[in-house]
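Engineer: Sequence:
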Amino acid sequence: MTKIDIIQEVYEKLGFSKKDAARIVESVFDIMKENLARGEKIKISGFGNFAVKDKKSRRGRNPQTGDEIEISARKVLTFKSSQVLRKILND
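What the sequence shown shows, in the working numbering, is residues 4 to 94, in sequence order.
A hint or two may mislead.
DSS-like, lysine-lysine: derived pairs with alpha carbons at most 30 Å apart [stated by the list, open to error]: (1) 6 - 56; (2) 6 - 46; (3) 46 - 22.
No wet-lab data here; the hints were simulated from the structure.
Owing to the predicted nature of the structure, the values given are computational and were not obtained by experimental measurement.
Hey, can you work out the whole structure from these sequences and the hints?
Structural biologist: Structure representation (structure tokens):
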């Protein structure tokens, strides 16, 4: 599913114009991005949790040459599904 598909679903199910549906979806994603950028967690009941975690720098290996390289510290986005969503997926 793409963002355009989500906009289409909002348009069809809620009766907004396509332009309004696009603004709503874009606004929700912008709010989520802003909160994640500040390091806040996003908890959506019945769906799951999004969180930003810090990964430390570490030594790695180039798989083609075998040379050791330094993998820099970075932030990663994690998602953990809720039990409700897991149940729906596994039924």
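Engineer: Does each hint fit the structure? Answer for all of them.
Structural biologist: Right, here's what the structure says about each hint:
At roughly 25 Å between alpha-carbon atoms, residue 6 and residue 56 fall within 30 Å of each other, so this suggested pair holds. Straight-line distance between C-alpha atoms of residue 6 and residue 46 comes to about 20 Å, which keeps the hinted pair within the 30 Å bound. Straight-line distance between C-alpha atoms of residue 46 and residue 22 comes to about 27 Å, which keeps the hinted pair within the 30 Å bound.
Hint compliance for this structure: every hint is met.
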